[in-house]
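J.: One-letter residues, chain by chain:
2 protein chains.
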Amino acid sequence: MKVEILKENLKAGLNIVEKIVGKNPSLPILDNVLIDTEDSFLSLSSTDLETAIKLWILTKIVKKGKVVVPAKFFSNFVSLLPNEKIVLEEKNQGIYVECGSFKNQIQGFNPEEFPLIPEFNNLEFIEVDNRKFCQGLSQIVDIAAPSQSRPEISGIYFIFSKNLIKIVATDSFRLAEKNIMIEGDLRDFSKKEISFILPQKPARELINILGEKEGKVKIYFSASQIMFEFPMKDTPRPQVQVISRLIEGEYPNYEEIIPKKFKTHVIVKRDEFLNQIKAAALFSGKINEIKIKVNPQNKELEIFAQDQGLGESKSSVPAKIEGEEMEVSFNYKFLSDGLINIKSSEVIFDLSKEEGPCILKPVGDASYIYVVMPIKSTQA
Amino acid sequence: MKVEILKENLKAGLNIVEKIVGKNPSLPILDNVLIDTEDSFLSLSSTDLETAIKLWILTKIVKKGKVVVPAKFFSNFVSLLPNEKIVLEEKNQGIYVECGSFKNQIQGFNPEEFPLIPEFNNLEFIEVDNRKFCQGLSQIVDIAAPSQSRPEISGIYFIFSKNLIKIVATDSFRLAEKNIMIEGDLRDFSKKEISFILPQKPARELINILGEKEGKVKIYFSASQIMFEFPMKDTPRPQVQVISRLIEGEYPNYEEIIPKKFKTHVIVKRDEFLNQIKAAALFSGKINEIKIKVNPQNKELEIFAQDQGLGESKSSVPAKIEGEEMEVSFNYKFLSDGLINIKSSEVIFDLSKEEGPCILKPVGDASYIYVVMPIKSTQA
Numbered sequence: 000m001k002v003e004i005l006k007e008n009l010k011a012g013l014n015i016v017e018k019i020v021g022k023n024p025s026l027p028i029l030d031n032v033l034i035d036t037e038d039s040f041l042s043l044s045s046t047d048l049e050t051a052i053k054l055w056i057l058t059k060i061v062k063k064g065k066v067v068v069p070a071k072f073f074s075n076f077v078s079l080l081p082n083e084k085i086v087l088e089e090k091n092q093g094i095y096v097e098c099g100s101f102k103n104q105i106q107g108f109n110p111e112e113f114p115l116i117p118e119f120n121n122l123e124f125i126e127v128d129n130r131k132f133c134q135g136l137s138q139i140v141d142i143a144a145p146s147q148s149r150p151e152i153s154g155i156y157f158i159f160s161k162n163l164i165k166i167v168a169t170d171s172f173r174l175a176e177k178n179i180m181i182e183g184d185l186r187d188f189s190k191k192e193i194s195f196i197l198p199q200k201p202a203r204e205l206i207n208i209l210g211e212k213e214g215k216v217k218i219y220f221s222a223s224q225i226m227f228e229f230p231m232k233d234t235p236r237p238q239v240q241v242i243s244r245l246i247e248g249e250y251p252n253y254e255e256i257i258p259k260k261f262k263t264h265v266i267v268k269r270d271e272f273l274n275q276i277k278a279a280a281l282f283s284g285k286i287n288e289i290k291i292k293v294n295p296q297n298k299e300l301e302i303f304a305q306d307q308g309l310g311e312s313k314s315s316v317p318a319k320i321e322g323e324e325m326e327v328s329f330n331y332k333f334l335s336d337g338l339i340n341i342k343s344s345e346v347i348f349d350l351s352k353e354e355g356p357c358i359l360k361p362v363g364d365a366s367y368i369y370v371v372m373p374i375k376s377t378q379a
Numbered sequence: 000m001k002v003e004i005l006k007e008n009l010k011a012g013l014n015i016v017e018k019i020v021g022k023n024p025s026l027p028i029l030d031n032v033l034i035d036t037e038d039s040f041l042s043l044s045s046t047d048l049e050t051a052i053k054l055w056i057l058t059k060i061v062k063k064g065k066v067v068v069p070a071k072f073f074s075n076f077v078s079l080l081p082n083e084k085i086v087l088e089e090k091n092q093g094i095y096v097e098c099g100s101f102k103n104q105i106q107g108f109n110p111e112e113f114p115l116i117p118e119f120n121n122l123e124f125i126e127v128d129n130r131k132f133c134q135g136l137s138q139i140v141d142i143a144a145p146s147q148s149r150p151e152i153s154g155i156y157f158i159f160s161k162n163l164i165k166i167v168a169t170d171s172f173r174l175a176e177k178n179i180m181i182e183g184d185l186r187d188f189s190k191k192e193i194s195f196i197l198p199q200k201p202a203r204e205l206i207n208i209l210g211e212k213e214g215k216v217k218i219y220f221s222a223s224q225i226m227f228e229f230p231m232k233d234t235p236r237p238q239v240q241v242i243s244r245l246i247e248g249e250y251p252n253y254e255e256i257i258p259k260k261f262k263t264h265v266i267v268k269r270d271e272f273l274n275q276i277k278a279a280a281l282f283s284g285k286i287n288e289i290k291i292k293v294n295p296q297n298k299e300l301e302i303f304a305q306d307q308g309l310g311e312s313k314s315s316v317p318a319k320i321e322g323e324e325m326e327v328s329f330n331y332k333f334l335s336d337g338l339i340n341i342k343s344s345e346v347i348f349d350l351s352k353e354e355g356p357c358i359l360k361p362v363g364d365a366s367y368i369y370v371v372m373p374i375k376s377t378q379a
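Residue numbers (numbering that gives the first Met the number 0), protein chains in the order written: chain X, 0 to 379; chain R, 0 to 379.
Heads up, some of the hints might be wrong.
Unchecked claim - 27 Å max Cα-Cα, derived DSS-like pairs, lysine-lysine: (1) R:LYS268 x R:LYS352; (2) X:LYS6 x R:LYS332; (3) X:LYS102 x R:LYS332; (4) X:LYS22 x R:LYS332; (5) R:LYS6 x X:LYS332; (6) X:LYS90 x R:LYS285; (7) X:LYS102 x R:LYS268; (8) R:LYS1 x X:LYS313; (9) X:LYS277 x R:LYS10; (10) R:LYS6 x X:LYS90; (11) X:LYS59 x R:LYS268; (12) X:LYS131 x X:LYS262; (13) X:LYS10 x R:LYS277; (14) X:LYS277 x R:LYS313; (15) R:LYS313 x X:LYS84; (16) R:LYS292 x X:LYS84; (17) X:LYS313 x R:LYS65; (18) X:LYS313 x R:LYS6; (19) X:LYS102 x R:LYS65; (20) R:LYS200 x X:LYS62; (21) X:LYS277 x R:LYS285.
Claimed, not checked - Derived list of chain R stretches under chain X, where covered just means 3 residues or more per stretch with a C-beta under 8 Å from a C-beta of chain X: (22) 2-12; (23) 198-210.
In short, the hints are calculated from the structure, not lab data.
The beta carbon of each residue, even a glycine, is placed where N, CA and C say it ideally should be.
Working from the sequences, and respecting the hints, build out all of it.
T.: Put into structure tokens, the structure is as follows:
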């Protein structure tokens with residue numbers, strides 16, 4: 000292999016593939032990046048065996064071939080090179096790098112030992128607006144939590160139907176659902192609804208890698224894997240592919256736990272409510288408990304927390320209230336996570352009963368709903 | 000105690016005094032800030048028993064008194080309050096805080112248990128330009144290193160003479176000296192030279208706290224302590240005092256180890272040299288070894304490093320060279336630390352002999368000198 004490539008292009012590619020590379024003492028080959036040539040493209044690949052990333056860079060290929068070198072080390076090294084043309088050459092099962100006055104030999108591994116990156120070339124795909132998809136996913140992705148006993152809820156649940164994508168996550172204390180409407184018809188290639196559970200880590204990487212890109216992302220399905228592919232304009236290769244295994248199992252029938260009836264309906268300013276929750280949180284003790292009293296008479300939410308050692312906090316925020324007075328205790332983190340994922344200036348806060356699920360959602364946007372369970376109050 | 004104070008003024012003060020507050024399970028009173036009133040000033044004090052910080056804020060004092068509350072907790076809490084007037088009131092050996100719709104009681108400690116902050120009121124002082132002093136100190140402070148066997152070199156050495164301040168630090172592998180010329184005569188108040196060893200931590204805090212302030216800093220001495228005081232314009236109280244104990248013992252006669260004669264004199268561009276050292280550093284192995292060859296024939300420095308597992312690096316940077324060809328091995332970190340503290344675009348690099356001390360200094364600025372010991376080469 001011998002190629003010529005601009006430093007900034009190589010660095011940008013390495014920044015992406017190194018994201019899923021960790022330290023794998025038992026399988027050190029996973030700490031590496033596979034550098035390969037395909038026609039006039041250099042490709043970079045990495046994998047942690049759950050997720051794989053592959054990307055292509057259009058550049059000058061002098062001689063075909065492939066090498067495998069330590070990903071983070073190579074990336075750190077390239078970032079110290081001057082902003083010039085780099086010549087990469089396969090040498091002694093490693094890579095020889097020349098750039099300006101730098102001449103470097105980096106030891107590598109046998110490319111045959113590198114795990115295969117799955118290919119999806121012959122399957123059908125669906126296409127969705129990338130930013131809309133990533134923004135929706137980012138409102139959901141942090142709600143899931145690792146669970147050994149129930150692996151299916153440790154991932155993000157997707158349902159693709161006629162012209163709608165639903166994205167759902169829960170950690171059994173709270174649940175969030177985002178609906179993304181799609182122009183055109185998603186179901187062209189398949190008559191049935193498609194659903195799958197994506198692990199949380201590749202979902203996060205997808206947002207990191209694709210989040211800001213304008214355009215359409217292609218999604219390829221198979222029984223156990225999924226591929227997100229972002230195209231490269233006017234070329235026969237994509238820019239980047241993120242491939243992940245899916246979580247087996249059936250996602251719980253989550254719609255059952257979204258309450259439909261409420262005793263009290265509140266509209267409150269998001270920033271003010273969030274800030275008062277954060278201040279009360281300092282006094283919320285080991286179980287993060289804050290108490291919220293809905294006071295229809297004073298037209299305000301009262302926020303209260305008390306810690307034996309530190310002191311107590313009481314504050315209030317004006318609110319539009321319909322329904323009964325109510326006092327409910329929450330883990331402050333579950334409330335603030337919901338508010339942080341809501342981007343509107345006012346939020347709807349619906350309470351069903353003292354120990355029943357409550358709902359947070361944006362005013363003027365029906366696409367997002369956040370359900371949170373209260374905690375049994377320990378305070379008198 | 001009852002005072003009224005603007006949130007931003009209280010927050011700015013807490014940001015400073017909390018810097019030296021850590022977690023002291025054996026002496027929890029040190030985790031606190033002492034809040035006191037003096038005439039129309041609120042004062043905040045903290046101490047770790049080595050260093051003390053005290054500062055004054057001009058504000059409305061309704062009722063005199065003092066309280067002691069957890070410093071970081073109180074600071075975190077205040078940062079969440081709205082940008083408005085805060086009322087602080089002593090209540091139940093704690094502080095009651097009212098701000099907008101917030102009402103909070105924070106538990107405190109008995110103020111009588113708070114350690115005394117030393118006072119220097121009746122001693123003479125010397126005055127120096129604050130930014131010049133802090134900038135000079137910042138070029139030196141990171142060179143010192145903790146040493147149990149030789150505590151005197153774990154601190155920063157200061158010598159105040161007629162119109163010159165020398166600041167020195169070493170970790171026995173390298174040494175840096177900064178000379179600050181002072182207008183006027185420092186020695187007015189004392190006929191002899193004054194020298195002392197300041198621990199590294201308060202020296203760093205001094206730069207953090209005073210670094211950007213325009214004006215003169217007053218320095219008060221006693222046999223075992225020192226105080227740096229920055230004035231508050233047109234008021235009878237200073238803005239802030241940093242008080243520290245001094246390290247006992249005699250600083251080594253460091254001037255002996257600064258070489259006076261050299262075999263080879265090099266002038267090289269700082270950024271290019273530093274960047275090539277950083278790249279070579281990736282291949283420098285466990286002992287951080289890089290080799291530098293001064294090549295007068297090619298008019299360049301060659302930088303070389305080799306790691307059995309990772310590979311090797313070779314680069315070169317053009318240089319003006321007088322004297323002999325030479326090849327010297329260094330701990331890359333000791334070279335890069337020196338270059339980072341030199342701000343000129345070109346640096347002088349003087350080499351005495353293969354295993355003798357070398358010197359780095361800025362071109363066109365005689366006030367800074369950095370001495371570095373080579374390492375015995377392990378490479379063939």
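J.: Does each hint hold? Answer for all of them.
T.: We went through each hint and held it up to the structure:
Only pairs whose Cα atoms come within 27 Å are accepted, and LYS268 of chain R paired with LYS352 of chain R is accepted, the gap being roughly 22 Å. As the CA atoms of LYS6 of chain X and LYS332 of chain R are separated by approximately 25 Å, the hinted pair is consistent with the 27 Å bound. Pair hint LYS102 of chain X plus LYS332 of chain R holds up; C-alpha atoms about 21 Å apart against a cutoff of 27 Å. For the suggested pair LYS22 of chain X and LYS332 of chain R, the alpha carbons sit about 25 Å apart, so the restraint of at most 27 Å is met.
Distance hint between LYS6 of chain R and LYS332 of chain X is fulfilled; the C-alpha atoms sit about 25 Å from each other, no more than 27 Å. A distance of roughly 25 Å separates the Cα atoms of LYS90 of chain X and LYS285 of chain R; the hinted pair therefore holds under the 27 Å criterion. Between LYS102 of chain X and LYS268 of chain R the CA atoms are separated by roughly 19 Å; this keeps the pair inside 27 Å, and the hint holds. For the hint pairing LYS1 of chain R with LYS313 of chain X, the CA-to-CA distance comes to about 19 Å; that is within 27 Å, so the pair holds.
This hinted pair checks out: LYS277 of chain X and LYS10 of chain R have alpha carbons roughly 17 Å apart, not beyond 27 Å. At most 27 Å may separate the alpha-carbon atoms for a hinted pair to count; LYS6 of chain R and LYS90 of chain X exceed this at roughly 63 Å. Using a Cα cut-off of 27 Å, the hinted pair LYS59 of chain X and LYS268 of chain R is violated, with the two alpha carbons roughly 32 Å apart. This hinted pair does not check out: LYS131 of chain X and LYS262 of chain X have alpha carbons roughly 34 Å apart, beyond 27 Å.
A threshold of 27 Å between alpha carbons decides the hint, and for LYS10 of chain X with LYS277 of chain R the separation of about 17 Å falls inside it, so the pair holds. Restraint check: the Cα-Cα separation between LYS277 of chain X and LYS313 of chain R comes to about 53 Å, which exceeds 27 Å; the hinted pair is violated. For the given pair, LYS313 of chain R sits about 17 Å from LYS84 of chain X by alpha-carbon distance, which is consistent with the 27 Å threshold. Restraint check for LYS292 of chain R and LYS84 of chain X: satisfied, since their Cα atoms lie roughly 26 Å apart, inside the 27 Å limit.
Of the supplied pair hints, the one linking LYS313 of chain X and LYS65 of chain R holds, its CA atoms being roughly 23 Å apart against a limit of 27 Å. With a C-alpha separation of about 18 Å, the suggested pair LYS313 of chain X and LYS6 of chain R falls inside the 27 Å cut-off, and the hint holds. Using a Cα cut-off of 27 Å, the hinted pair LYS102 of chain X and LYS65 of chain R is violated, with the two alpha carbons roughly 66 Å apart. For the given pair, LYS200 of chain R sits about 56 Å from LYS62 of chain X by alpha-carbon distance, which is inconsistent with the 27 Å threshold.
The straight-line distance between the Cα atoms of LYS277 of chain X and LYS285 of chain R is roughly 45 Å, outside the 27 Å bound, and the hint therefore fails. For the segment 2-12 of chain R, the stated coverage by chain X is not satisfied: 0 residues place a CB nearer than 8 Å to a CB of that chain, which falls below the threshold of 3. Counting residues of the segment 198-210 of chain R whose C-beta lies closer than 8 Å to any C-beta of chain X gives 0; at least three are required, and the coverage claim is violated.
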